[in-house]
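Undergrad: If you want the building blocks of each chain, they are given just below.
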Amino acid sequence: MTPVLAHHAAIEAIALFIPALAIIGVIAGAVILDRRRAADDEEEGAEPETGQAADRQQG
Amino acid sequence: MVGLIAEEVTKPAGGAALDQVFIASGAALVLTLVLLVLGWGQRSGRLPLLGRAAETARRIGGDSLPGWAALPSATALVSLVTALLGMYWDISLHITHGRDEGPLANIAHYPILIGLFGIFAAGMIGLVLPVKEKPGPAPIKITRTWYAPAGAILVTGAGFYALLGFPLDDVWHRIFGQDVTLWGPTHLMLIGGAGLSLVGLMVLEREGRAAAGGAEASRVVAFVRRGAVCGGLLIGLSVFQAEFDFGVPQFRLVNQPFMIALAAGCALVAARLWVGRGGAVFAALFYFLIRGGVSIAVGPVIGELTPSVPMYLAEALCVEVVALLLIHRPLVFGLASGATIGTAGFAAEYAWTQVAFPLPWDQDIIIEGVAMALAGGLTGGVLGAMLALGIEGRMPKPTVARPLFAASLLVIAGAVANGLVFSVPKDMSATFAVSPDGNATIELSRPVSSAAWVDVTGWQGGGLHIDRLEKTGPATYRTTEPMPLTGDWKTLLRVHDGRTLTAVPIYLPKDAAIGAEELAATPSFTRPFQGEKQILQRELKEDVPGWVWAAASLIVLACTLILILALAWGVGRTSRAVAERPEAVRSRV
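For the protein sequence lines, the chains are A and G, in the order given. Mind the numbering: the first sequence is residues 1 to 59 in full-length UniProt numbering, read in order. Mind the numbering: the second sequence is residues 1 to 589 in full-length UniProt numbering, read in order.
Source of the hints: derived by calculation from the structure; they are not laboratory data. Remember, it's a predicted structure, so these values are computed and weren't measured experimentally. Be careful, since some hints might not be right.
Stated by the list, open to error - EDC-like cross-link-like pairs, simulated, lysine to aspartate or glutamate; straight-line CA separation at most 20 Å:
hint, chain 1, residue 1, chain 2, residue 2
1, G, Lys426, G, Glu542
2, G, Lys541, G, Asp511
3, G, Lys541, A, Asp34
4, G, Lys533, G, Asp543
5, G, Lys510, G, Asp497
6, G, Lys141, A, Asp41
7, G, Lys141, A, Glu44
8, G, Lys132, A, Glu44
9, G, Lys141, A, Glu42
As the list claims (entries may be wrong) - Chain A stretches covered by chain G per the calculated footprint, using a threshold of three residues with CB under 8 Å from any CB of chain G:
hint, segment
10, 14 to 21
11, 24 to 30
Even for Gly, the Cβ is constructed at its ideal location relative to N, Cα and C.
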């Protein structure tokens with residue numbers, strides 16, 4: 001069989017880059033979900049959920 | 001990273017690769033789940049393990065930083081040192097032994113992988129830690145109830161940029177073949193992301209300090225913490241020099257003074273402004289301790305090659321002296337420091353290379369070397385000054401800062417481009433008379449004026465052989481020790497004179513994986529000079545159109561510019577926020 005050059009960066013990309021991408025994907029999903037909920041809240045005329053608690057804590 | 005470059009030979013595309021895919025997939029699954037569970041537990045309050053660890057880190061740091069700054073900073077610094085050790089160990093292994101047996105077969109890869117992922121994880125930890133608060137003066141809104149410190153996002157971005165180097169590296173190798181050099185574009189992503197994460201850590205430290213409301217534990221703690229971060233930045237900016245540290249640079253020697261001056265200008269000027277009096281010297285000592293420690297660990301302790309270490313102490317003293325006169329005019333201080341680094345610093349490093357480096361600087365490079373060092377020192381000084389000013393909320397007006405930043409990047413790009421330009425003589429050859437013991441006399445077809453180096457280099461045969469040849473006549477040389485001419489060694493004559501960078505292969509082994517035949521060293525032979533790349537990077541494919549390489553390089557360049565601009569944006573945002581917050585703590589300069 002003809003020897004081939006194995007590309008180890010692919011293995012390392014699977015082990016490390018894919019998890020990083022997945023985690024960023026989850027955060028991006030949370031951001032999108034939050035934006036949609038904010039838009040829904042505004043459409044329904046409900047008091048939008050804001051970062052007031054955080055604001056109060058921050059002073 | 002030469003090691004992360006290397007590919008494996010002779011393993012057929014079959015079961016072994018699948019095994020590795022399974023192992024890698026398992027590791028990926030575990031990493032993803034652990035980080036997601038820790039993040040979810042912290043955000044929801046149901047499993048606040050990260051919060052508890054952050055509290056511990058805050059207490060250990062003397063309550064001077066909130067946990068969301070203390071824990072990520074500690075995690076990132078440990079990760080950076082781990083990656084640094086792995087990087088130099090890995091490079092050493094590949095210089096001496098060539099390619100790996102398999103993707104997971106090189107033990108030095110593990111600290112690199114752990115370290116690089118640790119940097120990304122440190123940023124993520126800082127991102128998820130703050131709950132029900134807006135962290136620091138410049139928080140970034142993630143959702144309506146979730147704000148993250150800008151520094152944590154910058155560290156995450158730098159870590160992600162480094163990890164992005166893995167898939168791009170793989171694609172690069174598949175298109176162009178293996179590029180056995182540290183300065184492959186995707187290899188620079190791996191190390192550059194780690195090095196530049198220090199800027200994010202500086203921002204995070206400043207945000208944390210502002211949030212602590214002036215609760216400095218002590219001036220000593222603040223001095224040591226900031227000095228260590230600046231020393232870390234010096235290390236991060238110096239990793240690009242590794243080929244020169246080992247004595248196997250594949251680029252012109254004038255690149256080395258440029259990179260040393262750029263790193264010194266940026267990190268040491270920032271240190272003096274940000275840390276205070278003695279900050280530059282402390283950063284240089286911290287650099288020497290960590291970077292020197294890594295050299296000792298890789299060399300005498302592990303038993304591989306010992307990479308040399310630039311000194312930087314003279315440059316630090318230059319910065320401290322200039323500060324006595326100009327510290328109250330930071331940009332002028334940065335420029336003046338850069339000028340002294342490019343001249344007096346160059347002279348000190350010139351002397352240091354004579355005793356500490358395998359390829360010492362030669363008079364051949366003095367004029368261009370000083371010019372390059374001045375370019376590096378001046379731009380580094382300006383960038384370092386703006387970095388420190390930005391962190392402290394004193395960034396110059398945009399009409400000043402933006403043109404300065406753009407001009408600095410342009411000068412750096414110009415200097416790098418100049419450093420990469422070299423020529424290969426088409427009418428030059430070398431005649432070898434090899435004795436049975438491996439020594440040789442060598443006659444060049446024409447003399448070289450005052451070469452930066454004329455040496456025989458052998459690598460990848462179980463060690464590293466660098467023999468600076470003894471000149472015996474206008475164009476004749478002889479070896480001072482026997483050349484390695486058997487087994488897996490790759491041995492060549494290298495000549496670097498001005499822009500000329502060229503080599504003659506003396507002995508090359510058969511390499512079935514790339515279909516290369518053995519080139520034997522017969523008792524006498526004459527061979528033409530050729531580009532070093534053809535010898536040192538035998539694995540490169542030669543039939544790839546130039547525009548493909550240009551397009552691929554542009555993609556990497558775009559990723560790099562995005563990271564650099566993101567860091568600049570983060571520093572600018574923090575600077576504006578700190579300036580607007582009267583309760584923000586200002587450190588003394």
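Undergrad: If a hint holds in the structure, say so; if it does not, say that too.
TA: Consistency of the hints with the structure:
The hinted pair formed by Lys426 (chain G) and Glu542 (chain G) meets the criterion: a straight-line CA distance of about 19 Å does not exceed 20 Å. With a C-alpha separation of about 14 Å, the suggested pair Lys541 (chain G) and Asp511 (chain G) falls inside the 20 Å cut-off, and the hint holds. Distance hint between Lys541 (chain G) and Asp34 (chain A) is unfulfilled; the C-alpha atoms sit about 48 Å from each other, more than 20 Å. For the hint pairing Lys533 (chain G) with Asp543 (chain G), the CA-to-CA distance comes to about 15 Å; that is within 20 Å, so the pair holds.
Between Lys510 (chain G) and Asp497 (chain G) the CA atoms are separated by roughly 30 Å; this puts the pair beyond 20 Å, and the hint is violated. For a cut-off of 20 Å, the pair hint linking Lys141 (chain G) to Asp41 (chain A) stands: about 18 Å separates their Cα positions. Between Lys141 (chain G) and Glu44 (chain A) the alpha-carbon distance is near 23 Å, which puts this suggested pair outside the 20 Å criterion. Pair hint Lys132 (chain G) plus Glu44 (chain A) does not hold up; C-alpha atoms about 26 Å apart against a cutoff of 20 Å.
For the proposed pair Lys141 (chain G) and Glu42 (chain A), the alpha carbon gap of about 19 Å is at most 20 Å, so the pair holds. Requiring three or more residues with a Cβ within less than 8 Å of a Cβ of chain G, the coverage given for the segment 14 to 21 of chain A holds, as 7 such residues are present. By the rule of at least three residues with a Cβ nearer than 8 Å to a Cβ of chain G, the coverage given for the segment 24 to 30 of chain A holds, with 4 such residues.
Checked against the numbered hints given earlier, this structure breaks hints 3, 5, 7, 8; the rest are met.
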